[in-house]
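Peer 1: Since the structure of chain A is provided, determine the placement of chain B on it from the hints.
There are 2 protein chains.
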Amino acid sequence: MNITWLGIAAGILTSFAVLPQLIKTWHTKHAEDISIWQLIMLAAGTFLWLIYGIVINDLPLKLANGFSSFCYLLLICMKVVYDKRAASL
Amino acid sequence: MNITWLGIAAGILTSFAVLPQLIKTWHTKHAEDISIWQLIMLAAGTFLWLIYGIVINDLPLKLANGFSSFCYLLLICMKVVYDKRAASL
Chain A
34 MNITWLGIAA GILTSFAVLP QLIKTWHTKH AEDISIWQLI MLAAGTFLWL
84 IYGIVINDLP LKLANGFSSF CYLLLICMKV VYDKRAASL
Chain B
34 MNITWLGIAA GILTSFAVLP QLIKTWHTKH AEDISIWQLI MLAAGTFLWL
84 IYGIVINDLP LKLANGFSSF CYLLLICMKV VYDKRAASL
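Protein chains in written order, with this note's numbering: chain A, 34 to 122; chain B, 34 to 122.
One chain only, chain A, in its complex shape (with noise of 0.2 Å):
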């Protein structure tokens, strides 16, 4: 097996774990399980190695992390939206 397919389908899926999450809460709209504290680390931490795959101009860098930092952006405010909307029921 070719080593850089590993690593490949290894990014694919690590980048790509957020989309079934979004859409879950999208769906339930309800998000109180989920640590904020993880889905700022991960925006965070996708949003520098965007800002990595930017510097060393790297797109499957760009790519991925640009997608899943928004995707995770996207979560934090559903989650801070759905919470809100939960306590005040």
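No wet-lab data here; the hints were simulated from the structure.
A hint or two may mislead.
Identical copies look the same in the list; a pair holds intra-copy or inter-copy alike.
In silico SDA-like cross-links for lysine to any residue, where the CA-CA straight-line distance does not exceed 20 Å [unchecked claim]: (1) LYS95 / ASN35; (2) LYS62 / LEU52; (3) LYS62 / LYS112; (4) LYS95 / PHE80; (5) LYS57 / TRP70; (6) LYS112 / GLU65; (7) LYS95 / LEU107; (8) LYS57 / LEU46; (9) LYS95 / ILE45; (10) LYS62 / LEU122; (11) LYS62 / SER121; (12) LYS112 / PHE100.
This one's a predicted model, so the numbers in the text were calculated from it and none came from an experiment.
Peer 2: What follows is chain B alone, placed relative to chain A:
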């Protein structure tokens, strides 16, 4: 700013983001809002990164991904147990 430190900071943030979620879920014993597919993709992805790190013999890759794949596996077990418990109430 040294570009290597940017990558190290990014890696630390994304690798240890699982910790606050693990602690929160352990305390609340509640994980319904968390997508099981996100956890499976992150466990599988970080496990592939671990294998990748073993093949290219890179210590930071091995340590960070060995740690986070183990934590995501733990989270999957916790989610399965707590979701079953919640469903039987």
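Peer 1: Evaluate each hint against the coordinates.
Peer 2: Right, here's what the structure says about each hint:
Within a single copy, LYS95 and ASN35 get their C-alpha atoms only as close as 23 Å, which misses the 20 Å cut-off; across copies the closest is 19 Å, which meets it. Taking the closest pair of Cα atoms, LYS62 and LEU52 come within 20 Å of each other only inside a single copy of the chain (15 Å); across copies the shortest separation is 24 Å, beyond that limit. Taking the closest pair of Cα atoms, LYS62 and LYS112 come within 20 Å of each other both inside a single copy (8 Å) and across two copies (19 Å). Only within a single protomer do LYS95 and PHE80 lie at most 20 Å apart by alpha-carbon distance; the minimum there is 9 Å, versus 22 Å between protomers.
Taking identical chains as interchangeable, the C-alpha atoms of LYS57 and TRP70 lie at most 20 Å apart whether they share a chain (19 Å) or sit on different chains (10 Å). Within a single copy, LYS112 and GLU65 get their C-alpha atoms as close as 7 Å, and across copies as close as 14 Å, so both meet the 20 Å cut-off. Only within a single protomer do LYS95 and LEU107 lie at most 20 Å apart by alpha-carbon distance; the minimum there is 18 Å, versus 30 Å between protomers. In the homo-oligomer, the alpha carbons of LYS57 and LEU46 lie at most 20 Å apart inside one protomer (17 Å), although the nearest pairing across protomers, at 24 Å, exceeds that limit.
In this homomeric assembly, LYS95 and ILE45 come within 20 Å of each other (Cα to Cα) both inside a single copy, at 13 Å, and across copies, at 18 Å. Taking the shortest Cα distances, LYS62 and LEU122 sit within 20 Å of each other inside one copy (13 Å), while across copies they are farther apart (22 Å). Taking the shortest alpha-carbon separations for LYS62 and SER121, only the intra-copy value of 14 Å comes in at or below 20 Å, while the best inter-copy value is 23 Å. For a Cα distance limit of 20 Å, the shortest separation of LYS112 from PHE100 inside one copy, 18 Å, qualifies, whereas the shortest one across copies, 26 Å, does not.
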